[in-house]
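*Asks:* Given the coordinates of chain E, work out where chain S should sit on it, guided by the hints.
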Amino acid sequence: MSDIIKAENVIFEYPVLDDEGKEIARNRVLDDVSLSIPEGQFLAVLGHNGSGKSTLAKHFNGILLPESGKVTVDGIDTADEKRIYDIRQTVGMVFQNPDNQIVATIVEEDVAFALENLGVPPDEIRKRVDEALKTVDMYEYREHSPHQLSGGQKQRVAIAGIIAMRPRCIVLDEPTAMLDPKGRKEIMKTVKYLNREHGITAVLITHYMEEAAQADRVVVIDKGKILLDDVPKKIFSQVELLKSVGLDVPQTVELMYGLRKSGLDVPIDLLSEDECADYLFEMLSAGENGK
Amino acid sequence: MLKDITIGQFFPGNSLIHRLDSRFKIIMDIAYVVMLFLTSNYIGLAAAGLFMILIYVMSGVGLGLVFKSLRPIMPLIAITCILNLFFIKGDGEPLVNLWGFITIYTEGITTSVFMAVRIMFLIIGMSLLTYTTSPIALTDAIERLLSPLKKLHFPVHELAMMMTIALRFIPTLIEETDKIMAAQKARGANLDTGGLIKKAKALIPVLIPLFVSAFKRANELALAMECRCYRGGEGRTRMKQLHSGAKDYIALLIMALMIAELVLLNIYVPYLGIPYITP
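Read top to bottom, the protein sequences are chains E and S. Numbering of the first sequence is given in numbering that gives the first Met the number 0, commencing with residue 0 and proceeding in unit increments. Numbering of the second sequence is given in numbering that gives the first Met the number 0, commencing with residue 0 and proceeding in unit increments.
Heads up, a few of these hints could be off.
Claimed, not checked - Restricting the straight-line Cα-Cα distance to at most 30 Å, the calculated cross-link-like pairs of lysine-lysine (DSSO-like) are:
{"id": "1", "chain 1": "E", "residue 1": "Lys81", "chain 2": "S", "residue 2": "Lys215"}
{"id": "2", "chain 1": "E", "residue 1": "Lys5", "chain 2": "E", "residue 2": "Lys191"}
{"id": "3", "chain 1": "S", "residue 1": "Lys215", "chain 2": "S", "residue 2": "Lys184"}
{"id": "4", "chain 1": "S", "residue 1": "Lys197", "chain 2": "S", "residue 2": "Lys215"}
{"id": "5", "chain 1": "E", "residue 1": "Lys81", "chain 2": "S", "residue 2": "Lys149"}
{"id": "6", "chain 1": "E", "residue 1": "Lys126", "chain 2": "S", "residue 2": "Lys246"}
{"id": "7", "chain 1": "E", "residue 1": "Lys184", "chain 2": "S", "residue 2": "Lys178"}
{"id": "8", "chain 1": "E", "residue 1": "Lys191", "chain 2": "E", "residue 2": "Lys242"}
{"id": "9", "chain 1": "E", "residue 1": "Lys57", "chain 2": "E", "residue 2": "Lys133"}
{"id": "10", "chain 1": "E", "residue 1": "Lys191", "chain 2": "E", "residue 2": "Lys222"}
{"id": "11", "chain 1": "E", "residue 1": "Lys133", "chain 2": "S", "residue 2": "Lys239"}
{"id": "12", "chain 1": "S", "residue 1": "Lys197", "chain 2": "E", "residue 2": "Lys81"}
{"id": "13", "chain 1": "S", "residue 1": "Lys215", "chain 2": "E", "residue 2": "Lys224"}
{"id": "14", "chain 1": "E", "residue 1": "Lys188", "chain 2": "E", "residue 2": "Lys126"}
{"id": "15", "chain 1": "S", "residue 1": "Lys215", "chain 2": "E", "residue 2": "Lys57"}
{"id": "16", "chain 1": "E", "residue 1": "Lys260", "chain 2": "E", "residue 2": "Lys233"}
{"id": "17", "chain 1": "E", "residue 1": "Lys222", "chain 2": "S", "residue 2": "Lys215"}
{"id": "18", "chain 1": "E", "residue 1": "Lys232", "chain 2": "E", "residue 2": "Lys191"}
{"id": "19", "chain 1": "S", "residue 1": "Lys178", "chain 2": "E", "residue 2": "Lys181"}
{"id": "20", "chain 1": "E", "residue 1": "Lys181", "chain 2": "S", "residue 2": "Lys215"}
{"id": "21", "chain 1": "S", "residue 1": "Lys215", "chain 2": "E", "residue 2": "Lys21"}
{"id": "22", "chain 1": "E", "residue 1": "Lys133", "chain 2": "E", "residue 2": "Lys181"}
{"id": "23", "chain 1": "E", "residue 1": "Lys21", "chain 2": "E", "residue 2": "Lys57"}
{"id": "24", "chain 1": "E", "residue 1": "Lys133", "chain 2": "E", "residue 2": "Lys191"}
{"id": "25", "chain 1": "E", "residue 1": "Lys232", "chain 2": "E", "residue 2": "Lys5"}
{"id": "26", "chain 1": "S", "residue 1": "Lys246", "chain 2": "S", "residue 2": "Lys149"}
{"id": "27", "chain 1": "E", "residue 1": "Lys126", "chain 2": "S", "residue 2": "Lys184"}
{"id": "28", "chain 1": "S", "residue 1": "Lys184", "chain 2": "S", "residue 2": "Lys197"}
{"id": "29", "chain 1": "E", "residue 1": "Lys233", "chain 2": "E", "residue 2": "Lys184"}
{"id": "30", "chain 1": "E", "residue 1": "Lys184", "chain 2": "S", "residue 2": "Lys215"}
To be verified - On the chain E side, residues computed to face chain S include the following (Cβ under 7 Å):
{"id": "31", "residue": "Ile105"}
{"id": "32", "residue": "Glu108"}
{"id": "33", "residue": "His146"}
Said to hold, decoys possible - Taking CB as the label site, the calculated pair distances span:
{"id": "34", "chain 1": "E", "residue 1": "Val265", "chain 2": "S", "residue 2": "Ile207", "range": "52 to 58 Å"}
{"id": "35", "chain 1": "S", "residue 1": "Pro154", "chain 2": "E", "residue 2": "Lys222", "range": "42 to 48 Å"}
{"id": "36", "chain 1": "S", "residue 1": "His242", "chain 2": "E", "residue 2": "Asp30", "range": "53 to 59 Å"}
{"id": "37", "chain 1": "E", "residue 1": "Asp30", "chain 2": "S", "residue 2": "Ala165", "range": "38 to 44 Å"}
{"id": "38", "chain 1": "S", "residue 1": "Gln240", "chain 2": "E", "residue 2": "Lys233", "range": "31 to 37 Å"}
{"id": "39", "chain 1": "S", "residue 1": "Thr192", "chain 2": "E", "residue 2": "Pro180", "range": "36 to 42 Å"}
{"id": "40", "chain 1": "E", "residue 1": "His47", "chain 2": "S", "residue 2": "Ile207", "range": "26 to 32 Å"}
It is worth saying that the hints were derived from the structure and are not from the lab. We put the CB at the ideal spot given by N, CA and C, even for glycine.
For reference, chain E alone in the conformation it holds in the complex (with noise of 0.2 Å):
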């Protein structure tokens, strides 16, 4: 398949100033990052605070634009102003507070927003926001005014008001950062859905490793270089890596990796509960059957 994101040796770097505004050093975030994203994958980039995964999620639709370095998303620049429109309305963006990001006093006219600002005719647009709030399962709330919502059905509104622009793909910085679990599991159920269910690309920042062993392929980024690109298995399987950048790794890799170094001979990748337990009570079973 394509890629629909394709970053190339991408540095992003902004300066410091002292008092009197001299720049006196400059503070590199992104050092020389490649990477391709192939169009329908869902992708979690993961790294502590300041390991500069917000600022590469900015460059995947021309919000920052690289130092040196391109970043094309489905074939165009994103240094192309001309064609800006057209890579925001490809790659759709998400942020991490819903509040700040709900511009209406009313959830459907909020969904509408991008739809008008395109000149969308108003018939396709009512059929479209109508679409993209069934798909994030919010359509019941339409006339709602947001701070009638909780965390979780604010920010699946703002998933809605992109999603209504029908983009090939969509960038979460941080979603669920600001939710409580429950908000956490709508929110990664609803971008599940989209994936697997309407062939969205998916871009997911975050630093909850329980959210990206659900991805398919998961990139650790550590002082603005890439440090691990792999499925979620190979990637969460190196507990010691992972703890020298300062990550953690699911709670069932971490359970497995103290069985492991207590001597039991059991595999690490277990990254599901469900999994581990099934695992855990297979070998508990046998082991007394044995006795």
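*Replies:* Only chain S this time, still in chain E's reference frame:
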């Protein structure tokens, strides 16, 4: 405390008043204000009041709200009354004469009552516009009504957008203010006691974090709007179109008749031997 403010709130409903075209409602609201200021006698004022009550009943908005909406402007009414009471000089002997410089005339009393009632009717009547019109319909109507000004390069769309965003963020910022106040109280800030100046000073530790956060929010919102291809009013479409029909024109006609009636009352009441007041 902050949640008690009812001015500017919208109460969804499906009455005839709710369904009127918001552009017509704004025009009629302005006409209503003009009407109140045209009236110069009690009969006209009573007629305007009856008209207002009738529309309130039609809209189905509870009358309890009416009094709630009046509470914040009570000080204004009181000041108006007091000023009118002491500064209006009549023709006859003053009713009260304290040491020669504090005087109250009959005309002062009648004028101040008249003014108080008029301000109350003004607030109550104007509140009905926001009670029965959704903020979106309201800003939409303002954008449309002002659109001729676009030719003079007046930023009509930007103004409407700013109003929408302001309305959107009022509940968010009120919630945030409550949180900051609670946080500052938890650290020992004293926000409720002391004189006016002390109270105002005590608000500084609340306002500064509120402003910082509002700017942060604005920054993020601008980014989110850009990601959704916002590029000003040029070439923009709307999901909900405003429609006007026969009911809107009839309502406008009734409003015009009301104004005509009050003007006629102004002219003829003096000849009917009923107390006449020039505000």
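*Asks:* It remains to establish, for every hint, whether it holds in the given structure.
*Replies:* Here's how the hints hold up against the structure:
no.	hint	in the structure
1	Lys81(E) x Lys215(S)	holds (29 Å)
2	Lys5(E) x Lys191(E)	holds (22 Å)
3	Lys215(S) x Lys184(S)	holds (23 Å)
4	Lys197(S) x Lys215(S)	holds (29 Å)
5	Lys81(E) x Lys149(S)	holds (26 Å)
6	Lys126(E) x Lys246(S)	holds (29 Å)
7	Lys184(E) x Lys178(S)	holds (27 Å)
8	Lys191(E) x Lys242(E)	holds (27 Å)
9	Lys57(E) x Lys133(E)	holds (28 Å)
10	Lys191(E) x Lys222(E)	holds (28 Å)
11	Lys133(E) x Lys239(S)	holds (19 Å)
12	Lys197(S) x Lys81(E)	violated (56 Å)
13	Lys215(S) x Lys224(E)	holds (28 Å)
14	Lys188(E) x Lys126(E)	holds (24 Å)
15	Lys215(S) x Lys57(E)	holds (17 Å)
16	Lys260(E) x Lys233(E)	holds (18 Å)
17	Lys222(E) x Lys215(S)	holds (25 Å)
18	Lys232(E) x Lys191(E)	holds (18 Å)
19	Lys178(S) x Lys181(E)	holds (23 Å)
20	Lys181(E) x Lys215(S)	holds (26 Å)
21	Lys215(S) x Lys21(E)	holds (25 Å)
22	Lys133(E) x Lys181(E)	holds (19 Å)
23	Lys21(E) x Lys57(E)	holds (26 Å)
24	Lys133(E) x Lys191(E)	holds (15 Å)
25	Lys232(E) x Lys5(E)	holds (24 Å)
26	Lys246(S) x Lys149(S)	holds (29 Å)
27	Lys126(E) x Lys184(S)	violated (49 Å)
28	Lys184(S) x Lys197(S)	holds (15 Å)
29	Lys233(E) x Lys184(E)	holds (24 Å)
30	Lys184(E) x Lys215(S)	holds (27 Å)
31	Ile105	holds (6 Å)
32	Glu108	holds (5 Å)
33	His146	holds (4 Å)
34	Val265(E) x Ile207(S): 52 to 58 Å	holds (55 Å)
35	Pro154(S) x Lys222(E): 42 to 48 Å	holds (45 Å)
36	His242(S) x Asp30(E): 53 to 59 Å	holds (57 Å)
37	Asp30(E) x Ala165(S): 38 to 44 Å	holds (42 Å)
38	Gln240(S) x Lys233(E): 31 to 37 Å	violated (55 Å)
39	Thr192(S) x Pro180(E): 36 to 42 Å	holds (41 Å)
40	His47(E) x Ile207(S): 26 to 32 Å	holds (30 Å)
Figure legend: structure checked against the earlier numbered hints; hints not met, in rising order: 12, 27 and 38.
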